[in-house]
Amino acid sequence: MPLIPMADKPILTISDMSIVFSSPDEADIEAVRQVDLTLTPGKTLALVGESGCGKSVTARAVLRLLDRNASIPRGSILFQPGGEAPTDIARLKQDSLPLRAIRGSQISMIFQEPMSSLSPVHTIGDQIDEMMILHEGLKPKAARERTVALLDQVGIPGARQRAEAYPFELSGGLRQRAMIAMALACTPQVLIADEPTTALDVTTQAQILDLLRQLQADFGMAMLFITHDLGVVAEIADEVAVMYLGDVVEQGSVYDVFARPSHPYTQALMSSIPKMARKAERVRLSPIKGTVPAPRDRPDGCAFTSRCPYAFEPCATVRPERTDVGNGHHARCHLLTRQPVEAVA
Amino acid sequence: MKHSSFGPSRGQLSLRLAGAVAVAALLAAGQALAAGQAPALEAMVASGELPPLEERLPANPLVVPADAIGTYGGTWRMGLNGGGDNGLIVKTVAYDSLVRYDHEWKTVVPNLAESWEVNADATEFTFKLREGVKWSDGTPLTTADLAFAVEMYQDPDYAAGSWIDNKNNPATMEVIDDYNFKFKFGKPNGMFMETIAGVDGIHITSLQKAYCSQFHPTYNENAEADAKAAGFDSWALYLQDRCAWGWETIRFANPDLPSIYAWVIETPLTANAQRVTWKRNPYYWKTDAEGNQLPYIDALDMRVSQGGVEELTLAALNGEIDFQERHIATTTNKPLFFDGQEAGGYHLGEVIPSASNTLVLQLNLNHLDPVKRELYQNKDFRIGISHAIDRQEIIDVVFTGQGEPFQVAPRPESNFYDEELAKQYTEFDPDLAAEHFAAAGLTEKNGDGIYLASDGNPVKITVDVISALRPEWIDMLEIMQLQLGAAGVEIELNNIDRTLFYEKRPAGEFDAQVWAGDGGIEALQEPRYYFPFSDESVWAYRWAQWFNGTRPEIAEEPADWAKQQMDLYNQVRAAATPEARADLFNQVLAITKEEFPVIGVSLMPNSYSIIRNNLKNAPESMFNAWLFPTPASMDPTVWYFE
Amino acid sequence: MVGYIIQRFIAMLLTLVAVSIVAFAIIQLPPGDYLTSYIASLSATGDQVDPRVIENLRSQYGLGEPFYVQYWKWVTGIVQGNFGHSFEWKRPVWELIWGRLGYSILLEGLAVVVMWLVALPIGIYAAVRKYSLGDYLATIGGFIGLAVPNFFFALILMYLAFTWFGTTLGGLFSPEFENARWSLPRIWDFLSHAWAPILVLATGGTAELIRILRANLLDELKKPYVTTARAKGLPEWKVVLKYPVRLALNPLISTIGWLLPALVSGSVIVSVVMNLPTAGPMLLRSLTTQDMYLAGAIILLLSVLTVVGTLISDILLAWIDPRIRYGGK
Amino acid sequence: MAVDTMTPVQAKARAIVPAKRESQFGLMWRRFRQHRLALVSLWVVAAFYLVAVLAEFLAPTDPSAYSARYTYAPPQGIQLIATEPDGSWSFQLHVNGYKTEIDPVALRRTFVIDPEERIPVQFFVPSKPYLLAGFIPMSVKLMGVTEPRAPFYVLGADRLGRDLLSRLIHGTRISLSIGLAGVTLSLFFGIIIGGFAGFYGGWFDTAVMRVVEFIRSMPTIPLWLGLAAAMPKDWSALQTYFAITLILSLIGWTELARVVRGRFLSLRTEDFVTAAQLDGASDWRIITRHMVPSFMSHIIAAATLAIPGMILAETALSFLGLGLQAPIVSWGTLLQDAQNIRTLATAPWLLTPGICVVVIILSMNFFGDGLRDAADPHGR
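Respectively, the protein sequence lines represent chains A, B, C and D.
Numbering-wise (this note's numbering), the first sequence opens with residue 1426 and increments by one.
Numbering-wise (this note's numbering), the second sequence opens with residue 804 and increments by one.
Numbering-wise (this note's numbering), the third sequence opens with residue 141 and increments by one.
Numbering-wise (this note's numbering), the fourth sequence opens with residue 2 and increments by one.
Derived by calculation from the structure, the hints in this document are not laboratory data.
Just so we're clear, the structure is a prediction, and the values are computed from it rather than from any experiment.
Glycine included, every Cβ here is placed at the ideal spot set by N, Cα and C.
Treat the hints with care, since some could be wrong.
[Unchecked claim] Computed list of lysine-lysine pairs in DSSO-like fashion (alpha-carbon distance at most 27 angstroms, straight line):
1) C/378 / C/363
2) B/1226 / B/1307
3) A/1518 / C/362
4) C/270 / C/382
5) B/1031 / C/270
6) B/909 / B/931
7) B/990 / B/1366
8) A/1566 / C/382
9) C/213 / B/1031
10) C/378 / A/1518
11) A/1564 / C/382
12) D/100 / B/1248
13) A/1704 / A/1714
14) B/970 / B/985
15) A/1518 / C/382
16) A/1566 / C/378
17) A/1518 / C/363
18) C/378 / A/1564
19) B/1226 / B/909
20) B/1263 / D/129
21) C/230 / B/1082
22) C/382 / C/363
23) B/909 / B/1419
24) A/1518 / C/270
[What the hints assert, rightly or not] Not the full set, but computed from the structure, chain A residues with beta-carbon under 7 angstroms of chain C:
25) 1490
26) 1520
27) 1529
28) 1640
[To be verified] Which stretches of chain D does chain B cover? Using the computed rule of at least three CB atoms under 8 angstroms from a CB of chain B, they are:
29) 106-112
30) 255-267
Whole structure, please, built from the sequences with the hints as guidance.
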């Protein structure tokens, strides 16, 4: 996969964004800490991490789909479609017209569970038509025509009949295709896919990934792809950002990050993946020791401190800076700034 | 409205009845010629819809005296409680028959019958009907109608019960001509005139032959087919539906049934009626002293409540009721109505109950349990209980001081009033009670202070009561429970349903039942507490069966004193003159006084009626009784609105 | 869908057979029969009836026969549209009850409508603004509605109307409209009387509906498809109304069936207090007088009403919820 | 190839690192305490039941003790501060006496609270010996007046001059216990029948559900009417009381059976039940040891929510003259006494039982809601 030149103008820039959850009984929890991410048209950024690391929250923050008790106290989400003035989504009002104009129309989203993410009591067609009627003012009939075309395009056989079907009448793979069709109904410029393949079996997963790649090629949108599956990342992403407990610990092109993981967490992740090898040459997988601490127990410093084999004195208290390790490849680790001598290979 | 003098003081109750009625005048005033009629009727006469007044009135119309000559018009509003409240209709409209009582409920006076004669042994009663009286459909009322009624009442397929078919002494009717006839009885029936002057008299004039005979196969061979066509299973059911007897509820559901009442049905009393209305009977056969046809009031409007009387209470407070006593004039409501007089534009009249006692405790003298039977039959035991009751306390608590300690005895207003009978054993005296209990063989007490009966069990009396009928019974019994408990007799309250209450009687295993003291004024006709007279003589139910023979299978031979009373009462029935009857009945009461069969608590206090201020000629004081149906017996035909 | 309805319909018929047996058993349960209560009420007015007359009546009414014979006669009669005769009113039962039943259905139907009209917005508000002041007020208000006994509320309402406005709330019509034909003024008159009983009837059920709706909606609001709808760019009100509310309504619709019996029972009490010509007071009276065919018919028809109500809610549910319609899960 | 190194448990649950293992009920209690309204309600409900248990001790007088002098006496209230005519004041718990007049025409007593007359109220006043809750002999009451024949009507008196407070307290015992007993019975039937239906399913389940559906489609009033009328005639008040309870629970069990069945159905396929079955545990053991405990808290919540219905039903039955009848003192019979315009107009304090009904039902509902939320935070 070719490296991404910085030339392309980013369409969505998340900078220094934090997300805080508050509850009446307990102290606020900063679920996402000062995250910087950039999306470029035609390219895919994969956001990787364990469940609860904040990757989904980050994705949802882009469309401001967070729960009522979540807020974005700092940072910005700048959305700048080709040549237009940038909009800071983080500062838009909930349910305001500008925000609604972006949702679905310019940035749309695919969710993990197509079954529960589609309304069970409306037909697939209705749910897709609605997008076009809403954003493009199409008449229901015209909208349905386009819906059928879209369903066809995402590879649903018998699209016209299937448009009349309810979600529970479709298989998981078809449902996800319908979901994708819905997301693409208004040809958005950014597509956020929140673990779109997690709930699917492996063959369907591959088909969906193929479809997404194909569609990205057709439509040229930028894609934010959330997953915990490094295999999927390798397959679909141009860039990758690794999250751990609310921090983006490492970020860069897929090639760079896979080839030279710079953060101990990324390294640990890589070594926990089984590799194809002859039986005799197989090595034991090395799982990451310890468990993920609760967000409220997260140290002020590097979140990974408690499990990091290399943790040393400043890790727990001082937050490592975002350090460029070359070629737009960044990581947050004290090891990178401390002594080049002790740098980990 | 002036009733300042009636208060809690004892024995001061006197009747101040509206209008001094000169009975003699009634008979003499027949000549008053038709002078006036209601404007609406006048118009109908003018248009030819109705014959002129002279043709509608009898030759000798009954003149009803009144305080003032009234004016025509207006609607009398009242309220029925539930669909089955036929009682109110009977007591308001349907009391009109051969004879009636005067307003004091003392003398029998003519009504449809102009005159009558009784033979010496009271077995033959000869009547002369008022000539030219018309049914509400304009056809004349003759002896044929009466004979038809007798025939129907004696037909077992026609479900009715009355003196006509009393199997102990059934009536036979002998028609002399269209207006003269006789009633004959196998046995002497000295009280017959009193019987038919009361509510029971209405049976005989309740069926018009011309209309009702069409439902009977004797007169109409197609009767059965007609009944089937009308959706009834048999002609008998159809007949009972169309021509129901005397005061049966559905009688007032048929507007086609001709009647002789002052008002005729406009909106019938059906199961779904929200309102029953009546309009004047254009053929009504009574006039005022100036010869104006009665009634004055155009129409009756009876709202039908659905089983709760609270809405009716509110309506009365709101001035939407013109005259009413039934249902709403409770002791509890009195302060409410008293305060609401000005706002509601009404005032309160006095109502004197016919019942003697607020609560009659009837121990079952015929109990199947020999121990209880012996104890309850012991006069000393009953006297002991009577002395153990603090009546004044009950009167103060439950009746706000209204009434006085009283046994079950004729009321002071009655000719049979006997102070000794009314007052004996009424003083509260625990020591005296203990003496009598000892005399009854009760000496041992258990740990709870309750006497032990001869079988060693504590003396415990389960008292059946229907609180739904009179809520104050429960209050009274709760107090008596404590009082008697302190005296060593345990009382258990058994608050039950009415049907059950009646079903327990023949079984003979109940300890005691509670009812009000009927027969306070009408002692002669209703002597149920004075000797074992009827099924309502619960205290000696099986003895009563021996007397009246309704359930011979459980009848028991009564004690000698009761048999003596029964003999005397049979002589009362045979006696032809009121004086002889009174004399004999006083002998019955003397035995009652000696034997003290039932225990009373207090004299039933006066009630009140609600009278709109613009309603004139209405009685400021009247009785409340069933045999003397008020207010119909107070001649509402002469009431009018100002 | 058709198969589903047929299946439900057969179930309903079976229920009805059971209901008819129970209804008949209930009216036979109390000791005695109409004639004993008839004799009792005659005795109370100091009257006696010749036992021969009673025996005649007993055979005329067919009261002496065994239970199953009476039941069989009754049921076969009903199947042919003959509900029997009322003993007390000597009229065919059907003639007596259709009017009252009509008012019962009308009042209860209107109460259901009012319940929905009130409960829907409040329930949605309470769920969407969970734990807000409005939510607490709605919850507390709803619970109070649930907690105040019907008869108590009715009586207080009547008394307040009397003391404050000098009117007697009660009945369904003014005298001049009581026996009139339906017309616009009569409808208006009806509404101006009926609001009070409808209000009383609706309170308890409204609270129940609000609770169910709120709980259901809270469930639904958490579901991913709501986020999907929001991500589509729909305005918030449309997101809520079109998706979660629509789904939250499903279990609510099935509550119609459950609410009806309570409503019927409630209307009996309210009708007695507020003097309404519905089937309730007639039922009470016929049960006390043991007018058994009348009582039996009313019980049966009120039960039929609820069973049919359940059927309707089932069908409605199937109609709006494709998962049930297509037998999915 | 998954990154996840943990078993997928709910995010919330795993966010908490359990320092010590909490028992299920401990966990429930902790969650329950977060519902402030439910917590307050719990105390209210507990207070009511305490009143029910200690009725004899708390009630100042015997509930049937009448007094001719104080029929319809209005509430005295309890005064804390005694003010002297010279303006000085002191703390003294007392009630004011009445000035009474009898109006023989209107048939009533008029009462005016007389602030001059102070009747001191004392705690732990001696009384006639009685048995607390039926077995503890006592001869002292919580509070009362020591002056003989002095009126003590904190909440007013009824038509017989009986102390409303005392009657209310004794009525609390009957009404609350009827609710509790009814629900216990319902629970018994509900768990057994619903449990079997849910566990074994099949035709039995279908039959039970049909029966439940059938019972629930019957209008309750006629059912009660018929059953109440069919009660043996020679039953005592106590037996009637139990019969009424039984009648109420005959209808109440259906709801609980539905809940239990639903739970059983969903639990039947849970892994831990399958595991127990594979271990060869008997059905009985699985039900009692594994399934019932896992949803007991839920059942308790459902039962709590069912009690108010029972209490309301009792009052409705009494209103129709079918339930408990005087002389039994229950909230229903007390309300039945207050069911008239006269009471509303001139003795509104007699409606206090209605307020008690509302308060307890509110509390029970909030309490039950809180319990349900606590028992099953995700299952709403």
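Structure-based check of all given hints:
no.	hint	result
1	C/378 / C/363	holds, 16 angstroms
2	B/1226 / B/1307	violated, 31 angstroms
3	A/1518 / C/362	holds, 21 angstroms
4	C/270 / C/382	holds, 19 angstroms
5	B/1031 / C/270	violated, 66 angstroms
6	B/909 / B/931	holds, 22 angstroms
7	B/990 / B/1366	holds, 19 angstroms
8	A/1566 / C/382	holds, 20 angstroms
9	C/213 / B/1031	holds, 17 angstroms
10	C/378 / A/1518	holds, 17 angstroms
11	A/1564 / C/382	holds, 19 angstroms
12	D/100 / B/1248	violated, 42 angstroms
13	A/1704 / A/1714	holds, 25 angstroms
14	B/970 / B/985	holds, 19 angstroms
15	A/1518 / C/382	holds, 22 angstroms
16	A/1566 / C/378	holds, 21 angstroms
17	A/1518 / C/363	holds, 23 angstroms
18	C/378 / A/1564	holds, 18 angstroms
19	B/1226 / B/909	holds, 24 angstroms
20	B/1263 / D/129	holds, 24 angstroms
21	C/230 / B/1082	holds, 25 angstroms
22	C/382 / C/363	holds, 14 angstroms
23	B/909 / B/1419	holds, 24 angstroms
24	A/1518 / C/270	holds, 20 angstroms
25	1490	holds, 5 angstroms
26	1520	holds, 4 angstroms
27	1529	holds, 4 angstroms
28	1640	violated, 17 angstroms
29	106-112	holds (count 5)
30	255-267	violated (count 0)
Violated hints, listed in ascending order, are 2, 5, 12, 28 and 30; each of the other numbered hints is respected by the structure.
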